[in-house]
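*Asks:* Just need the whole structure built from these sequences, with the hints factored in.
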Amino acid sequence: MRSVFLLAALPLALSACQQSPESSDEVPAAVETLPAEPDGGIGTTPADPPSETSTAAGEASAKTIPPALQGRWGMVPADCTSTRGDAKGLLTITDTTLKFYESVGKLGSLESRSDNAIRAQFAFTGEGMNWTRDVELSAAGDKLIRTERGGDQPGGPFTYTRCAA
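Read in order, the letters of the sequence shown are residues -18 to -1, 1 to 147 in mature numbering (1 follows the signal peptide of the UniProt record, and there is no 0).
To be clear, the hints were calculated from the coordinates, so they are not data collected in a lab.
Please read these numbers as outputs of a predicted model, since none were measured by experiment.
All residues carry an ideal CB built from backbone N, CA and C; glycine is no exception.
Mixed in with the good hints there might be a few duds.
Stated by the list, open to error - DSS-like mimics (lysine-lysine), calculated; alpha carbons at most 30 Å apart, straight line:
no., residue 1, residue 2
1, Lys125, Lys88
2, Lys125, Lys45
3, Lys45, Lys81
4, Lys45, Lys88
5, Lys81, Lys125
6, Lys70, Lys125
7, Lys70, Lys88
8, Lys70, Lys81
9, Lys70, Lys45
Unchecked claim - Distance windows between CB atoms, simulated:
no., residue 1, residue 2, range
10, Thr65, Glu109, 21 to 29 Å
11, Ser94, Asp68, 28 to 36 Å
12, Thr63, Glu93, 28 to 36 Å
13, Gly108, Ser64, 16 to 24 Å
14, Lys81, Asp124, 15 to 23 Å
*Replies:* Here is the structure:
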């Protein structure tokens, strides 16, 4: 530990011994400056760009599906209780995804958002295909209404009931 301190203090001691030019008329030798390192210098890492979770709370929540819509929703009661993997009417909503039986939609651009509703573009993948849909979700108590627009098969409204926790 002591040798580390001495090594760190050595450049300071050497710079203190340097003499300044004798006359203010003398032009000092050109000093070559090194460009700043992209990572901020030795031993440091670049600052991470702000993530959705590190931005202001209102800004982050505006880029997510409202908490009132998140959770598990079934079209029929058996969708919520099936243990055989055949819950074809189950919709699981997270902060950024809609997960159906054979497809997943990732939140894209928002058109509108409130505490219990959202209308946004979702990029879907499933069964080897990709597509985009304008999806509107709204909740009232334990009921969720989903309506899809755009694409070749717009549909709805579809009604879901919140699954028990």
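*Asks:* Within a Cα-Cα threshold of 30 Å, do Lys81 and Lys125 meet the stated pairing?
*Replies:* This hinted pair holds, its Cα atoms lying about 17 Å apart.
*Asks:* Using the C-beta atoms of Thr65 and Glu109, is the stated range 21 to 29 Å upheld?
*Replies:* Hint holds: Cβ distance 23 Å, inside 21 to 29 Å.
*Asks:* Is Lys45 within 30 Å of Lys88, Cα to Cα?
*Replies:* Holds - the C-alpha atoms of Lys88 and Lys45 are around 12 Å apart, at most 30 Å.
*Asks:* Check the hint pairing Lys70 with Lys81 against an upper bound of 30 Å on the C-alpha distance.
*Replies:* holds, 11 Å
*Asks:* Taking 28 to 36 Å as the stated bounds, is the beta-carbon spacing between Ser94 and Asp68 within them?
*Replies:* For Ser94 and Asp68 the Cβ distance comes to about 34 Å; the hint holds.
*Asks:* Please test the hint of 15 to 23 Å on the beta carbon pair from Lys81 and Asp124.
*Replies:* Hint holds: Cβ distance 19 Å, inside 15 to 23 Å.
*Asks:* For the pair supplied as a hint, Lys70 and Lys125, confirm whether the alpha-carbon distance does not exceed 30 Å.
*Replies:* holds, 18 Å
*Asks:* Does Lys81 sit within 30 Å of Lys45, going by the straight-line distance between their CA atoms?
*Replies:* holds, 18 Å
*Asks:* Verify the proposed pairing of Lys70 with Lys88, using a straight-line Cα cut of 30 Å.
*Replies:* Measuring from Cα to Cα gives roughly 19 Å; hence the hint holds.
*Asks:* Starting from the range 28 to 36 Å, see whether the pair Thr63 and Glu93 falls in it by beta-carbon distance.
*Replies:* holds, 34 Å
*Asks:* Would the pair Lys125 and Lys45 pass a check requiring their Cα atoms to be no farther apart than 30 Å?
*Replies:* Measuring from Cα to Cα gives roughly 23 Å; hence the hint holds.
*Asks:* Regarding the pair Lys70 and Lys45, is the alpha-carbon distance no greater than 30 Å?
*Replies:* It holds: about 28 Å lies between the C-alpha atoms, which stays within 30 Å.
The structure is consistent with each of the numbered hints, conforming to all of them.
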